[in-house]
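Peer 1: From just these sequences and the hints, can you work out the full model?
Chains as they are written, first to last, in the numbering used here: chain A, 1 to 209; chain B, 1 to 209.
If you're looking for bench data, these hints aren't it; they were derived computationally from the structure.
Check the hints yourself; a few may be wrong.
In this list, chains with the same sequence are indistinguishable; a pair is considered to hold if it fits within one copy or across any two.
[Said to hold, decoys possible] Computed cross-link-like contacts, SDA-like style, restricted to lysine to any residue with a CA-CA straight-line distance of at most 20 Å:
{"id": "1", "residue 1": "Lys-76", "residue 2": "Ala-92"}
{"id": "2", "residue 1": "Lys-22", "residue 2": "Arg-145"}
{"id": "3", "residue 1": "Lys-76", "residue 2": "Arg-32"}
{"id": "4", "residue 1": "Lys-76", "residue 2": "Met-1"}
{"id": "5", "residue 1": "Lys-22", "residue 2": "Glu-137"}
{"id": "6", "residue 1": "Lys-82", "residue 2": "Arg-163"}
{"id": "7", "residue 1": "Lys-22", "residue 2": "Leu-139"}
{"id": "8", "residue 1": "Lys-45", "residue 2": "Gln-11"}
{"id": "9", "residue 1": "Lys-22", "residue 2": "Glu-122"}
{"id": "10", "residue 1": "Lys-22", "residue 2": "Arg-136"}
{"id": "11", "residue 1": "Lys-22", "residue 2": "Gly-134"}
{"id": "12", "residue 1": "Lys-76", "residue 2": "Arg-132"}
{"id": "13", "residue 1": "Lys-22", "residue 2": "Glu-133"}
{"id": "14", "residue 1": "Lys-76", "residue 2": "Thr-54"}
{"id": "15", "residue 1": "Lys-45", "residue 2": "Glu-175"}
This structure is a prediction, so every number in the text was calculated from the model and none was measured.
2 protein chains.
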Amino acid sequence: MLELAILGLLQETPMHGYELRKELATKLGTIRAAISYGTLYPTLKRLQTAGWITESASDPSIIPPMTSKRGRVVYKITAEGKERFADLLAQAGPETYDDAGFGVHFAFFSRTDRATRLRILEGRRRRIEERREGLREVLSRAGERLDAYTLELQRHGLDACEREVRWLEELITNERSGRAPATPGTLGFPDDLSGDAPPESPRPHEDRP
Amino acid sequence: MLELAILGLLQETPMHGYELRKELATKLGTIRAAISYGTLYPTLKRLQTAGWITESASDPSIIPPMTSKRGRVVYKITAEGKERFADLLAQAGPETYDDAGFGVHFAFFSRTDRATRLRILEGRRRRIEERREGLREVLSRAGERLDAYTLELQRHGLDACEREVRWLEELITNERSGRAPATPGTLGFPDDLSGDAPPESPRPHEDRP
DNA sequence: GTTGCGATGTATCGGGCCGATACATCGGGG
DNA sequence: CCCCGATGTATCGGCCCGATACATCGCAAC
Numbered sequence: 001m002l003e004l005a006i007l008g009l010l011q012e013t014p015m016h017g018y019e020l021r022k023e024l025a026t027k028l029g030t031i032r033a034a035i036s037y038g039t040l041y042p043t044l045k046r047l048q049t050a051g052w053i054t055e056s057a058s059d060p061s062i063i064p065p066m067t068s069k070r071g072r073v074v075y076k077i078t079a080e081g082k083e084r085f086a087d088l089l090a091q092a093g094p095e096t097y098d099d100a101g102f103g104v105h106f107a108f109f110s111r112t113d114r115a116t117r118l119r120i121l122e123g124r125r126r127r128i129e130e131r132r133e134g135l136r137e138v139l140s141r142a143g144e145r146l147d148a149y150t151l152e153l154q155r156h157g158l159d160a161c162e163r164e165v166r167w168l169e170e171l172i173t174n175e176r177s178g179r180a181p182a183t184p185g186t187l188g189f190p191d192d193l194s195g196d197a198p199p200e201s202p203r204p205h206e207d208r209p
Numbered sequence: 001m002l003e004l005a006i007l008g009l010l011q012e013t014p015m016h017g018y019e020l021r022k023e024l025a026t027k028l029g030t031i032r033a034a035i036s037y038g039t040l041y042p043t044l045k046r047l048q049t050a051g052w053i054t055e056s057a058s059d060p061s062i063i064p065p066m067t068s069k070r071g072r073v074v075y076k077i078t079a080e081g082k083e084r085f086a087d088l089l090a091q092a093g094p095e096t097y098d099d100a101g102f103g104v105h106f107a108f109f110s111r112t113d114r115a116t117r118l119r120i121l122e123g124r125r126r127r128i129e130e131r132r133e134g135l136r137e138v139l140s141r142a143g144e145r146l147d148a149y150t151l152e153l154q155r156h157g158l159d160a161c162e163r164e165v166r167w168l169e170e171l172i173t174n175e176r177s178g179r180a181p182a183t184p185g186t187l188g189f190p191d192d193l194s195g196d197a198p199p200e201s202p203r204p205h206e207d208r209p
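Peer 2: Written out as C-alpha cells, the structure reads:
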C-alpha cells in the first residue's frame, strides 16, 4: 500500500525521504498519522531494487545542501515505476477495500478513469456494508451477552459504517453523473492526468455552510 | 494489544484458539474484522512462555472432541495472567490512544475503575483533537495544493474526528456523573468485576429511536 | 454407502509496518 | 560559544497479516 503512495507522490515531483514523509502525512492524514522511517527507507530500497525508482545525489544548485558526507538522497520515479503505479492504482485486490488500501487509492483518484473509480467505490461500499451487517447482527442477537461498554462501542462503529455508506453512495452518484466531489476550490495538479479527469464540480448541495 | 484482548477473554472462560478468534471478532468487530491465525497462535505461545496462560488438553467429557491426535488445546488464564491483565488495562502508554489500542481498552471498561476510564477517555479525546487540528490546518491552508478527491477524503476524515470527539465528550460527561453508557439492556458479566462497576444506566437521552 | 464439502481446528512462513534508537548536519537563540 | 530543535538517513526487534498446509467432524447429495 505504501508502495502505491510513494510512487504516486514521486510522480508529481522528485523528493528525498524526509520530504516524502511529510507529504505522505498531509496527503494521507486521515489514514495514517505519519509513516515510520523504519517503513519508509526499507520500502524505498525495495522500490529501487525493483527498478521503479532511482536514487540521485541532490543537485547542490537547487537544494541548500548538507555540505558533506551522507548528503540527502533524492528519489525519482522511472518509466517502469509509472507503469507500476498505473497497475497498482487500477487493479483491485481484496486489500484495496480495507481502510488503508481504500484511502490510498481514493487519494489518487484524480489519476484514474471513471470506471476504475466506480469499481473501487462500489467495492468499498460492499465491504462496509458487510461490516455493518455484522455489527447489526451482534447488536440485535447478542444484546445480553455483552456488557454496556462493548455494546456502546459496537453502536458507535455501526454509526460510522452507516455514515460511510451514505458518503460512498453520494460519491457514486456524483461519479455516475460525471461530477467530481463537492469541492468549492479548483482541482490541483492539472499536470499530467492520464485518462479522463473529473470535470469541475458544480457543488451539488451545501452541507457545511 | 492483542495480548490484552486475549487475557480479557480468557478471564471470562477458558477457550481454544478457534473459539477465541470468534469471540475476538464479535467483541472487537469495530476494531478489526477477525484476527489472523498467523497472529493468534504465536501470541498464545508467547503468553504461555511468559506464564500468563496455561495450555490444557481438552476435557473429553465436556467438549465433543476430535477423537485423536492433535486434539484441540484449551487455554486458561493464570493468576499472574490476571495480574498482567489488570496492569495492561490500567497503564496508559501512547499506544493506548490509537484506534486499535483504545478500542481494546474500551471493550474491557467494565473491568476498570472510573478514574482509569476517565483517564483513557480523555487521552483518546486529546489524540483525536490533535488529528482534527491537523486536518483543519491542511484543509484551510492547502486548499489549492491538493486535488478535489484528496480534499474530500480529508473532509470526511475531519467529520469523523468531530463526531468522535462529541461521542467521547458525552461518554466523559456520563462517567463524571456516574452513569454507564446509554444502554437499554442490562450489563453483561456481573461475575467478578473488580473495582467499582458502572451502575445501571438511566438512559439519559434518546438519539437512536 | 461413499463421497465430497463446509465448518471446525492447529500451525508455520514470508513480508509489511511500527516504535525505538543511533548518528550527522544546520540555523539560531541564550 | 554552546546547546537545541529541525532536518536528514538508516537499522533493529517485534507485532501482525495473508497465504498455505494439514486434519477431523457432521451432513447432504448421489
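Peer 1: Each of the hints needs a verdict: does it hold here or not?
Peer 2: Hints, verified against the model:
1. Taking the shortest Cα distances, Lys-76 and Ala-92 never come within 20 Å of each other, neither inside one copy (26 Å) nor across copies (41 Å).
2. Taking the closest pair of Cα atoms, Lys-22 and Arg-145 come within 20 Å of each other only across two copies (14 Å); inside a single copy the shortest separation is 45 Å, beyond that limit.
3. Within a single copy, Lys-76 and Arg-32 get their C-alpha atoms no closer than 23 Å, and across copies no closer than 36 Å, so neither meets the 20 Å cut-off.
4. When the C-alpha separation of Lys-76 and Met-1 is checked against a cutoff of 20 Å, the pair qualifies only within one copy, where the shortest distance is 18 Å, while the shortest distance between copies is 38 Å.
5. Taking the closest pair of Cα atoms, Lys-22 and Glu-137 come within 20 Å of each other only across two copies (14 Å); inside a single copy the shortest separation is 41 Å, beyond that limit.
6. Neither within a single protomer nor between protomers do Lys-82 and Arg-163 lie at most 20 Å apart by alpha-carbon distance, with minima of 35 Å and 38 Å respectively.
7. Only between protomers do Lys-22 and Leu-139 lie at most 20 Å apart by alpha-carbon distance; the minimum there is 15 Å, versus 40 Å within a single protomer.
8. Taking CA atoms no more than 20 Å apart as the test, Lys-45 paired with Gln-11 passes inside one copy only; the shortest distance there is 17 Å, against 45 Å between copies.
9. In this homomeric assembly, Lys-22 and Glu-122 never come within 20 Å of each other (Cα to Cα): the closest approach is 30 Å inside a single copy and 28 Å across copies.
10. Taking the shortest Cα distances, Lys-22 and Arg-136 sit within 20 Å of each other only across copies (16 Å), while inside one copy they are farther apart (39 Å).
11. Only between protomers do Lys-22 and Gly-134 lie at most 20 Å apart by alpha-carbon distance; the minimum there is 12 Å, versus 36 Å within a single protomer.
12. Taking the shortest Cα distances, Lys-76 and Arg-132 never come within 20 Å of each other, neither inside one copy (42 Å) nor across copies (32 Å).
13. In this assembly of identical chains, the alpha carbons of Lys-22 and Glu-133 lie at most 20 Å apart only when taken from different copies (16 Å versus 37 Å within one copy).
14. Taking CA atoms no more than 20 Å apart as the test, Lys-76 paired with Thr-54 passes inside one copy only; the shortest distance there is 5 Å, against 53 Å between copies.
15. In the homo-oligomer, the alpha carbons of Lys-45 and Glu-175 never lie at most 20 Å apart, since the shortest distance is 37 Å inside one protomer and 49 Å across protomers.
The structure fails to meet hints 1, 3, 6, 9, 12 and 15 from the earlier list, while all remaining hints are met.
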